[in-house]
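> When the letters of the sequence shown are read in order and numbered with this note's numbering, they come out as residues 8 to 314.
Note that these hints are calculated values from the structure, not bench results.
Model, not experiment: these values are computed from the prediction.
Positions of the beta carbon are idealized from the N, C-alpha and C atoms, including for glycine.
Please note that the accuracy of each hint is not assured.
[To be verified] Computed beta-carbon distance windows for the label pairs:
1) L252 / K37: 45 to 55 Å
2) L183 / L252: 29 to 39 Å
3) L235 / N129: 26 to 36 Å
4) L187 / R225: 19 to 29 Å
5) A208 / L309: 30 to 40 Å
[To be verified] Calculated lysine to any residue pairs in the SDA-like style (CA-CA distance at most 25 Å, straight line):
6) K68 / L251
7) K171 / L252
8) K197 / L180
9) K68 / K197
10) K311 / L252
11) K93 / I209
12) K68 / L221
13) K93 / L79
14) K171 / R185
15) K37 / K171
16) K37 / P21
17) K197 / L252
18) K37 / L235
19) K197 / L221
20) K68 / T258
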Amino acid sequence: MEIFYQILLNIIFPLFVLIGAGAGLHRLLKLDLSTLSTITVNFLLPAVCFVNIYESNMSGKLVGQTLLFLLLFNLLLIFISMLLAKANGFDRRLSATFKNSLVLSNSGNYGLPVSELVFSANPAGMSIQIIVSIFQNLLTFTYGFYNSVSAQSSGMAIVKKIMKLPVIYALLLAVLLRWLHIDIPDFLWKPIENTSNAFLAIALVTLGAQVAYLKITRISRPIVWAVLGRLVISPAIALSLIFLLGLSDTTAQALFIASSFPTSRNSALLALEYDNYPEFASQTVLLTTILSSFTVAIVVYLSKILF
8 MEIFYQILLN
18 IIFPLFVLIG
28 AGAGLHRLLK
38 LDLSTLSTIT
48 VNFLLPAVCF
58 VNIYESNMSG
68 KLVGQTLLFL
78 LLFNLLLIFI
88 SMLLAKANGF
98 DRRLSATFKN
108 SLVLSNSGNY
118 GLPVSELVFS
128 ANPAGMSIQI
138 IVSIFQNLLT
148 FTYGFYNSVS
158 AQSSGMAIVK
168 KIMKLPVIYA
178 LLLAVLLRWL
188 HIDIPDFLWK
198 PIENTSNAFL
208 AIALVTLGAQ
218 VAYLKITRIS
228 RPIVWAVLGR
238 LVISPAIALS
248 LIFLLGLSDT
258 TAQALFIASS
268 FPTSRNSALL
278 ALEYDNYPEF
288 ASQTVLLTTI
298 LSSFTVAIVV
308 YLSKILF
């Protein structure tokens, strides 16, 4: 019960303060959502990716186990999201946003604080969540962007649009600098870090502005499937895979918990940027975030019993 209370107070409440601020600001000032989205995707997001990857420092064995799980887990999740989208007859644009809503999870500003709370006495659990967060960044900047762009383009047009994204080059640069063990001087690191720190607030304010005039008169079928997929199907797949791979202890706990996080706000940003049902994306982010305050607490509890 203490974990449930701490998640609610220290993670959910701060998120909704910023979302509420964005909704209030948009109603008062009529914010330019297109500009906010463009700044977030093309300036703030690359900084977050660069900082996360450049600062990562984990052992080879732990990275190997975690990456194997994440690769299989996300392939299964992508496959199931495709089946659900096809079975429900979603059009191309809705299908793109639906798949992103199910596959992309909020492993950063939601997942990292949860893991820090759960594994306060076990650094390995936090290290695993950092790997998950980095992997989710990669997934967002490849699969997520591909989904969003491919809803409106095809062939070489998709490749050209993806190659224009600054975040791709931020990712490659971070990997190269880590591999070469090159230290970034403070006068360059500070603005990069400050830009990365600004991402959370701006992204959540943008999300709040998106939903400022949003009215959920009914829970549509796509939203039901997206919520079930992210909060129920995803942990179930993870649990099955954990047993199949024979994972245990902290590794099993951390990966099981990481599979239960709500839909990433990046899915809503991508939907807004490429005009692929942004209202559906925002509703899914909000509903999964609200409901995850209960489902994540349940998964955390189960992880301690099972592993």
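> Are the Cα atoms of K197 and L252 separated by 25 Å or less?
violated (41 Å)
> For the pair supplied as a hint, K37 and P21, confirm whether the alpha-carbon distance does not exceed 25 Å.
The given pair, whose Cα atoms are some 23 Å apart, holds under the 25 Å limit.
> Regarding L252 and K37, is the given constraint of 45 to 55 Å on their beta-carbon distance met?
holds (51 Å)
> Is K197 within 25 Å of L180, Cα to Cα?
holds (17 Å)
> K93 and L79: Cα distance at most 25 Å?
Judged against 25 Å, a Cα distance of about 21 Å means the pair holds.
> Would you mind confirming whether the straight-line C-alpha gap from K68 to L221 stays at or under 25 Å?
Cα-Cα ~46 Å, so violated.
> May I ask you to test the hint 29 to 39 Å on the CB atoms belonging to L183 and L252?
The hint (29 to 39 Å, Cβ to Cβ) holds, given that L183 and L252 are roughly 31 Å apart.
> Starting from K93, check that the Cα of I209 is at most 25 Å away, please.
Measuring from Cα to Cα gives roughly 34 Å; hence the hint is violated.
> Would you check the hint for K68 and T258, treating anything up to 25 Å between C-alpha atoms as holding?
Answer holds: K68 to T258 is near 11 Å, not above 25 Å.
> The hint says 30 to 40 Å between A208 and L309; measuring C-beta to C-beta, is that right?
Holds, at about 33 Å.
> 26 to 36 Å was suggested as the range; check whether the CB atoms of L235 and N129 agree with it.
holds (31 Å)
> For the pair supplied as a hint, K171 and L252, confirm whether the alpha-carbon distance does not exceed 25 Å.
The given pair, whose Cα atoms are some 38 Å apart, is violated under the 25 Å limit.
Violated hints, listed in ascending order, are 4, 7, 9, 11, 12, 15, 17, 18, 19; each of the other numbered hints is respected by the structure.
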